[in-house]
Structure formats: C-alpha cells, structure tokens
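*Asks:* Model the placement of chains B and V on the given structure of chain C, informed by the hints.
One letter stands for each residue in the lines below.
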Amino acid sequence: MAECHPVGFRWVMAAKERGATIIHVDPRFTRTSAVASMHVPIRAGTDIVFLGALISHVIKTESYFKEYVLAYTNASTLVTEEYKDTEDLDGLFSGWQEGKGQYETNSWSYEGSGTSGMHESHRVPESHAGRAADLEAEKVKAHAKDATLQHPRCVFQVLKRHFQRYTPEMVEECCGISREQFDKVTDALCRNSGRERTTTFCYAVGWTQHSAGVQFIRACSILQLLLGNVGRPGSGILALRGHATIQGSTDIPTLFNLLPGYIPMPAARTDTSLEKYVDNYTARSGWWTETPKYIVSLLKAWYGDAATADNGFCFAHLPRLTGDHSHMTTVVNMADGEVKGYFVMGENAVVGSPHTGLQRKGLRNLEWLVVRDFPMVETAEFWKDSPEHERGEVRAEDIATEVFFFPAATHTEKDGSFTQTQRIVQWHHSAIEPRGDCRSELHFTYHLGKRLKELYAGSADPKDRPIQDLVWDYPVHGEIEEPRAEAVLAEINGYTVADRKPVSSFTELQKDGSTVCGCWIYSGIYAGGINRAANRAPATDPNDPYHYGHNWGFAWPANRRILYNRASADPEGRPWSERKRLVWWDEAKQQWTGYDEPDFIKSRPPGYRAADDAQGLATISGDDPFLLQPDGKGWLFAPTGLQEGPLPTHYEPLESIVQNPLYGQQCNPVRFEYDRSDNQLARPFADPRFPYILTTYRLTEQHTSGAMSRWLSWLAELQPAMFCEISPELAEERGLQNGDWATISTARAEIEARVLVTERVRPIKLGRRWAHQIGLPYHWGNRGLVVGDSANELIAFSADPNVTIQESKAMTGDIRPGRRERRKVVAKQRVNNPDEALRDLPVAQKRPVGKHHVYGPLSRQGDQT
Amino acid sequence: MANGFFTDTSLCIGCKACEVACKQWNQLPDDGYHFTGMSYDNTLHLGASTWRHVSFIERPVALNGQDAGAFSWLMSSDVCKHCARAGCLENCPTGAIIRTEFGSVYVQPDICNGCGYCVAGCPFGVIDRSPDDGRAWKCTLCYDRQKDGMHPACAKACPTESIKFGEVEELKRVAKDRVEKLHQQGVTEAYLYGEDARSQPGTAGLNAFFLLLDRPEVYNLPPDPEVPTLKGSKSWISAGLAAIGVTALAFVSVVLGNRSEKESS
Amino acid sequence: MKPLLNVNEWPVLKQIRNRDAHGLGKNAASERSRELAPRTRSADKIARSVCPYCAVGCGQLVYVKDNRIIDIEGDPDSPISKGSLCPKGSATFQLVTSQRRVTEVLYRRPHATAWETIPLAQAMEMIAQRVKKTRDETWQATNAAGEVVNRTLGMAHLGGATLDNEENYLIKKLFTSLGIIQIENQARV
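Protein chains in written order, with this note's numbering: chain C, 1 to 865; chain B, 1 to 265; chain V, 1 to 189.
Just chain C, with the same shape it has in the complex:
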C-alpha cells in the first residue's frame, strides 16, 4: 500500500501513530513492510490457506462476535441435504458435472429455497466490483434456521467443517508462514475485533490476479463478518484500486457484461424481452426488487421518446451476450482474425495486459486500430518494432493493420469526474484548452456518434434503429466544440421526463418511463441541478467526527461513506459500542440517524419484520443490514453467484512448484483456460524447467504500463530500468550478480532484466524444502525515456471464472544470467500435456474441447461465435 498508494498510506501511518498494529502480508518485504509492525512473508497464491486458517482459528477459539454473527450473517441458515463439501469430495463441491467443466449449483442452496438457486442467465461472469445477479428467485424469509448454530447443516457448522483442515501447521507447510508468526497475527486480529474494536483489511490486485481471485476476497469477507468488522467505523475490506477512475469505469462500465449501475447485459437465450429480463433480474426480496425502475430509466436515457411501454422501452435495441466476451477472449478472437476493428483509449495493452506477445498477435490481425493516448505508446507502434521484429519473425511491411493515433487531452484540459477507490466521485475542472489536435474522449466519442448518426440517418434497415433512436444531443462549447461534461453528468443522475427536473435520489426513479437515469447508483450527484461531485468543503464539520467529509465530492450511493453502516448498530438500533458509534435508530424522531448517511430505509424501525407475502422494499426487515442481499444478511456461505463453490477453497495456481497439499484437486476446477499453441502452460507442479515462483507488481515511481510515467524525466530517473528482485541465496544458486543482466523465462516467453539482489526477497520454507520467489515489476516497454522488457510477456492467458481476471501474481519460471536470445525461436513443443501431473481430479479431465477452451458458464449453449 505504501508502494502503490502512498497518500492513502498516510492514514495507515496516522493510525500507527495512534497505536494501531499494522500487519503486512506479502511475498516480498516492500516499502509497506519497512514501516509495518509486522511483515509476514507468504508464498504467492496461498492466501486462502492463510485466511482459511484465521477463519478456523476464530471459530475454534470462539473469538467471533457472536451477536453480530447471529443477527447479521447467514450463520444460522440451513443448507440443502444434497450439499457436499470439499471435505467429502477431495477438493470438489457437490454438483460437479463431469465433462462440462462446471458445477450444477442447486445443492448449494438454502434449505427450502426450491430447486433453483440461481437463474441460468445470472451466471454471466460478473465484474469484480459488484454483483447484480445475486438474485434469488425464491423468497428467503421462510428458510429453515437454527439459532443455536448447532445443526450440522447450518452455515456455521458447514463453515467450521469446511475450514477444519486449514490449520496453523498447514499454513506453515503451504504458505511458508511460521507457527509463531501465525499466532502473533491471530492474537493481534482477535484482540482488535469485537464490540469495542475493529480491524480493516486492505488489498489490491495481489488478491485478484489469481485463478481463484474472487475467492480470496470471499475468504476475507467471511473472516470480517465473523469478527463483526463490516459496516462499522475502521472496519471493512478496502480494495485499493489502481487507476484514477477504475472504480467509475466499473460503476459506469466499459465492461462487456454490465450496464451502468451493475445491471446485467442481457443474455441471448434467456432475456428475449424486457418482461423476461425484468423477471430474471428482479429479486423477490431485498433492494434488487427495484431492478425494473433502473433498467427502464436507463433505456429512456438512451432511446428517449422512441422508448415506450409498447415497445418494451426499446429493450430490443440492446445487443445480447452468449458467453464470455472479456478482454482475453476478445484478444484470442482477434488473433484468429475474427475481430476487425479495435478502439484502445488510454490503455497500453502490449505492456500492461497479460501475454503481451499474444496481444501483439491480435493487433497484427486487425484491419484497423484506433489508439488514443498522450505519448506514442507501444500499443500504437506494435507494427514498428517488438520482440517479434527483433527475432525476425515479423516485419512492418507484412503487417496490414491500419493504425490511427489520436492525441488525447489530459485531465487538466477537460471537465469530468473520477470515482476514487472509496466510491467518492470528484470533479476536475478544465484549466486550459488542449493543444493542437489533442481532444478528450468525450469529444471523440460524441463527434464519432454524430457522424455515425448522419451515416445511418437514411437507413431503413431495422438493425440501424438503435443508432437512429439514440439520444445524442449534448450541448457543445468553445471553438473545438467540446461537449458539456456536466450535461452528461445530469443524464447519469437522472431527471423526470415531463419537466427535465433532476431527480434527487434513485428512490424517485419509476418503471413507467416517466424518469430518465443513466446510472442509478449515481443518482443524487446532480440533485437540485448542482454538480455535487464538484463539492469542495474541507472535512471540518463537528458532526463528522470521523472526517468523512460529506461535502467533499459525492460518494455513491446517496453520498454514503460507509456501506452497510446499519450493521454498526445492534439489532435494536443501538450502537454496538459508544466508541464506535456511527449510525443508530432515533426513537424520538422515528428514523435512522448518525455520523453518516444511514445505509437503510430511513424510517424503517429496527423491530419491523417483513411479512411472508411482502413485496418490494417491504421485504427488508429492520435487522437486515445487508439490504442488497435477498435475505438481508452477510453471506458466510454464498448459496449463489460463484462458479467454483459457495466457500473459498485453496487451489494451487495453474503453474505451481508444489502439489496441492490440501486436496487431490490441484487447480480451480472451473478456471478459464485458453488452451492454444500460443499460450502454453508449464506442468501444474514440479515442472523441472520452471523451478521458481514468479510474481509481478508495481513500483511507487512508475505507473502501470508506463504511458503516464516512462516519458517523464522526473519519474524515469527514479526507476530507470526493468529489474528482477531475487534473494542472495537464489543469486548464488544461479550465479547471478547484482546489477548484471538476467533472463527470466516461462512457458510463454523470456525477458531480460537487471538483477537486484536483496534480502527483501527471502527463500521461503515449505515443510522441509526451500522455495525461491522472483519479483518482477512490469512498467517497461520499448518506448519512452527508459525502456526494458515487460514482465507481462511472461504471463499466460487464464482466468478466474467469475470475473475473468488473469493469474499474474503467481506462476512458475526460471532465471539464468545474461541477456535474452534475439535470434529466431524455433517453435517449442506443446507442453500442455495432462498425462503426467494433473491439474484436475480424474473426474474433471473430460473437458469439452470448446473453442479456446473458454469454459464459460454459458458455453453449454453451444454458441461461441
């Protein structure tokens, strides 16, 4: 966190000054470790073992926050009789479908919820910042429960059994963390949790970029729920996001599977009409009972007067999904010549995305490419030179791709908003006009849309109706005709159709077409016609003891700074602790109040209980703090929504140095694997060619792919070269000298880097063997003031099945002294040979040979076009 978010870390240092214990769990000793109270080195990719052991410890020692767990989690809910755990099936859950490579998830349901845990259509991979599709078809209030938590099928007992083999001894053997260190962590964690104290977890892509990344976060959620560390001041799980508005680009998604506000994109098979879509995605209880209002208001925002109740508000204008269309899948389709045109705006994929060789292969097979950036980035000049050019495999003359480079305006040259990592939307004001042909993406997209509307204006083809109906009337200003960003914000906020009056909250949205709203969760950001993202009052309000700064920017939803803050009060609405009071029930005023915007229906008394036949928001009881969940409870056990099981389970990375010490199942059985000759994998474990663990990361002085840092002399001089970090022991083992060159290889590629020998990287003891980890920052490419190989050359295409994120934080490789080969490489033999070591239990071997082996949830539809 000190490395990649130094100013965020300011508050960690402030907490430390006030006596907080800072525990840093990381394979390397970083700048965060340097000032932490404790550094816990861990083998990359084994966090579920560590977190699982913490969960097991908390349960066994009864250190959990009992009242909280009982009232606010699903601990007491019973699971179906059909459910079988990984304890029973050696690393698989019940419902494994031989030959399909995926689970039938009915047995993971709550008892009494019927056969359907989840609609087929909900099983589109979700974006990792939120889930729209946890929408149970059945009412959940009637689920069987056992308040004593003793029933063997209650979630609490299932959880306890599931994690019983996650012991301190297993942590020692699998993660390389000593018993002594583990005990210190459990002690600090348990002492600092409960009624009077709270603990927070911060994570970044060190948790997400794994083949079971979502389950890493799930494991932490379980732990935090058990300890009562959710919805309270100083608690929670904080995702430290890496780009100025990576949060915003998930909320208002440039992502294939979502519409704005975490509404799913429609699927071809199931969402054939608005009625069916609404039926599929409207929960029977909880907040997602409001779905119809959000989708209709969105369609009104996009298609205006053309969208009427009679034509399903132009729902048919939306394209349909038939499976996975995520970045890596798009790139392999590109490499296979199926994608003709590509827009890349502010992203430098041939440095920053996994398997950069495959990224370039994709670009070489396009008809046209549009790149928008500040300097001339590698992605725009892939045709000019690359490792393939160096090796004589390709020449510019042979590449047919037509390339356009558009210079982009910077944030100082345009109005607009970024959503930072705590969901606070902040406006940045244009300071000057952009130079030359530099333009904002707002300008580019708006004017491109204008031209396309003109080109399609006379068409009678029904396929062109969406463009003709598209509402595209933003006012422009200035000589360059820049669209008004605030007009776009006003549409995102929403307004009433009749008088174009901005709505003040999403609670005002309607499903009859009388309101417009571009992104329901942002509603209120333009309430009263005032741009609240531009609010700039310092946090000096005496009623804001936690310095949340409610008049600085706007935090979605409803300017709420702490999500699920109803959980900061007990079931009766009284703060769990005076010291940690945040939101409480005001009996006199009959409403929720406190130091933050209450995350609850403001006038709903704590004692309210939803009737069995309640509808809509009336289904949310007064003690249901997790109101987006259909049962209003925090999910220790996830009955729906996850592909690889309702509970986190340790699987080894796709490439590991060891056999899974916990189960016969080696890898995440429902991983996405792109089984192609240009995407080879090492053996699942103990591949003699690749004896070391590789992990990638960022440095403070550079930024992701380097497009915003490698061209700046003040940053370039601070980290001027690609390097690898290795221990003195590994340096000796491989004859590597500090400052010299080394070549690092994986089954995909090899790169060269300068050697930094440091005790900050230590050999890690796993049982009786020692393992070496190699650290690789990934900021360099062949353009800019400082150049070097990209660590992403080494990464495989493979993905977590829930969110399709690659596994770049743990893989295997080798290292040798000297620079890499620059001669032509003879095609290697295929190595993805499942005959020797197995990634899967034998039952899972018969995977369908689908195109690209994308075992997506919808691949069973047999349509991978």
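Don't read these hints as lab results, they were simulated from the structure.
Do not take every clue at face value.
Label-pair distances were calculated between CB atoms; the ranges are [stated by the list, open to error]:
hint: 1; chain 1: V; residue 1: Gly146; chain 2: C; residue 2: Gln510; range: 31 to 37 Å
hint: 2; chain 1: V; residue 1: Lys133; chain 2: C; residue 2: Glu479; range: 27 to 33 Å
hint: 3; chain 1: C; residue 1: Lys66; chain 2: V; residue 2: Thr97; range: 15 to 21 Å
hint: 4; chain 1: C; residue 1: Arg18; chain 2: B; residue 2: Pro201; range: 36 to 42 Å
Sample of chain C residues lacking proximity to chain B, with all beta carbon distances greater than 10 Å (derived) [claimed, not checked]:
hint: 5; residue: Lys84
hint: 6; residue: Val471
hint: 7; residue: Pro575
hint: 8; residue: Asp814
Some chain C residues judged to face chain B by a derived CB distance under 10 Å, without partners named [stated by the list, open to error]:
hint: 9; residue: Phe9
hint: 10; residue: Ala36
hint: 11; residue: His39
Ideal Cβ positions, reconstructed from N, Cα and C, are used throughout, including at glycine.
*Replies:* Structure of chains B and V alone, referenced to chain C:
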C-alpha cells in the same frame, strides 16, 4: 526566527515524492537514467539537480518494535541542512550566498560566478556546481514560496509527514517529543541528528535536522561535521592572540629597552 | 535630483543598521532576491482538479497563467490527501506540459513503415466510415441457435479506467447501441 525542516526518518516510506515535488517546483532537470543496483536508490546523492534525495538502507538488523526478522529497510530524505553556521555561506567570496530573513541559506543565482569555494566549504557535500552553467545550486528552502507564506514543496507533498517544515524552535520541541514517544514504543535507537549547537558544535546546529534510527554514517551523514570556516575562525582567534602577544612583547621590550636605555645612559 | 553619494547605501552603515555585521544576510541580497516571489502569485486562474494516476483521488490545484499551466500541487482542503501528493502526483505538471505528448493525428497505412500526419476531421470521418463498414459486414441478427443477438463481434473497445465517468458513459452508450459488446477496460486486469 528561523524556519527549517525536521525530517523524521521513522515515518519515511521512501516514496520520493519530495524529490519529484522539489524538481517540479524548481524545474530541475533529471540526473540521467542509471540503474545503480543499490536498493531503490537510482539518484544516489544530492547535487546541483537533486535537492532532496531519498536514501535506502537495507540492514541485516531488526528494527526495535518491528517484527520482521533480522532485517530492516531504512529510508531517509536528505536535504541541505541550512546550518546555523554555514560553511558555504562563509566561504562565498562574492556575496552570492546569503542568510535569508527566514534563516535559510540561499544561493543567489544572479550573483554566483561559479567559483566553487562553497563546495569545499560544505561538510555534508550538499552544494554542487551545475555542469551546465557552472553555478552552485542547492535547496533554497523554497525561498520564493516562503515569501508568500507557502511551505516548501517537499514538505507539502510528503504523504506521511516525514518532512515537517516550521519554525526551528518549534520543530525541536516536536522532535524531542517524537524521540521520547518512539523510545516509549520500544524504538530505542531513535535519536536526533544536528538539532542544536550542543549536539553538533561543528555547525552550531542544523536548521534542517533529522531523526535517525542508526548511526549517521549509515545514512551517509558525517558523524561530527565541522564547517571549515569554523577552523578558520579558530585560527583567526589564535592569530589574534598571537598578535596581541607579539604586540605586548614588543611593548614590554620597548619599555624594558627604554628602561635599559635609560639605565645604560 | 539624485544625491551624488547616498550615505544610507554605504555597506558599512547598512550592515550596522541591519545588525548584519558579517554582511552575509540582507545586505548581500540582490534586487532579484529581494523581489523574489513564488510563480503561483502570478496565476490568473486556479483550477481544482484530481490526480490522474491511482485511485486514491488526491486533490490537485492547477495554477494557470495566460492559458499555460505554471504549477500543479496538492489541494490542502482535500480530506483525502490534505495537500500531499506522491511522486507520480507531484510529476503531473510534467505529464500535462510534456513536449513528448503527441499533438497531431497520425496515420499508418497498411504495410507502411512510417506514420503520416492527417487532419483531425479527416481522421474522424475515416473512423466513422470504418465503423459503419465493419458493423454492416459483421452484423449478427441471430446466432446459429436462432437466438436474437443484434450485435457485431467485428469490433471491440479497450480502456476506461483512466478516462472520465462521463466519457465511459458515452462510450458505453454509443458502442452498445452500435451492437458492440466487446467493451472492456483495465478493471478486468
């Protein structure tokens, strides 16, 4: 009244915001792009174009109060010390270097003729001549910013408040409290470097002083710096005393001589 | 009439008057030093902004003079950052004023070995034509299973995490309405 820095290395996370904020405000060029292989330090030392420099020290020694094995990583942002008795200032023959109204030592680029005497005068090796124009450059304690009551760029940028700017006397109080607090927390190695004339007579104390966690040499700081002009002063005093002695002797000899003359006459 | 000799300017008297016996302070200050001022004082506009690097969202103040940025530093009012910036945030000035930024639209023909410069409007029209052509050629009304899909897989988009929310909104709105579904950004990485 003098303003200065208190750089508390126990709070430094080595982010180098100070280095960049300084270069931005003062529009300084880069030092070249050289991978040094010395931890995360690729700019190595203060110089004409680097007026804040973060050093990284990897030690096979645990830091008290930290549980991370027999290892620690110390970071420290070095800067011109703005010595109470500044060797550069006293060595400068042209009047280019002045003591400002804020107590800082400032090189006036419009006066400096690049003679380089100041370079030899600095016991810390801070001040440096630019290879481009030959003139001497170093931290100005953001003299221009201070004129408008603004804090120096590095102190303002520092994310963890490792660099504190303020009135030196106030900073000393803060620093002493900080050392005490760290000692209470078990970080017994914490101490102040150059906070006053008593602890560092060779400079009469530093207006930019430090809290360190290991011996000064570990941070590439001299353990007992002394400004050369102080030696000069000592010799002037000796010379003065000698002169007085010689004069007295002469006087005595004249008187005695007179006397003997009288006696002899 | 200027006196021939201003006694007040005599160094010795100045030194005595200013209690600067060594002549190392005020008396040695040049006119430039006496009149030195931070360049932010000359700004004719200060724009409130947000750091464009990571997602912490530090406040920035952008100082402008004559439509040129003269300084960018932290916004002390921000409850997030309290005026501080990391090295990247502190380098924002160089990011936005860099001469290494490209300022013209560049075009590389198929099989060409060099860029050529083309006018912005022409490039925009060329892109619009290509989008239409690709869309029309690769349009899928239904898939092999006979399901309505109304889309093109012939085009794709990447990027968004470094853009503005309003820009992402327009991209999603336009491209989805064109039937493009392969819309992705860094959040997937």
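*Asks:* Hint by hint, which ones does this structure get wrong, listed from lowest number up?
*Replies:* 3
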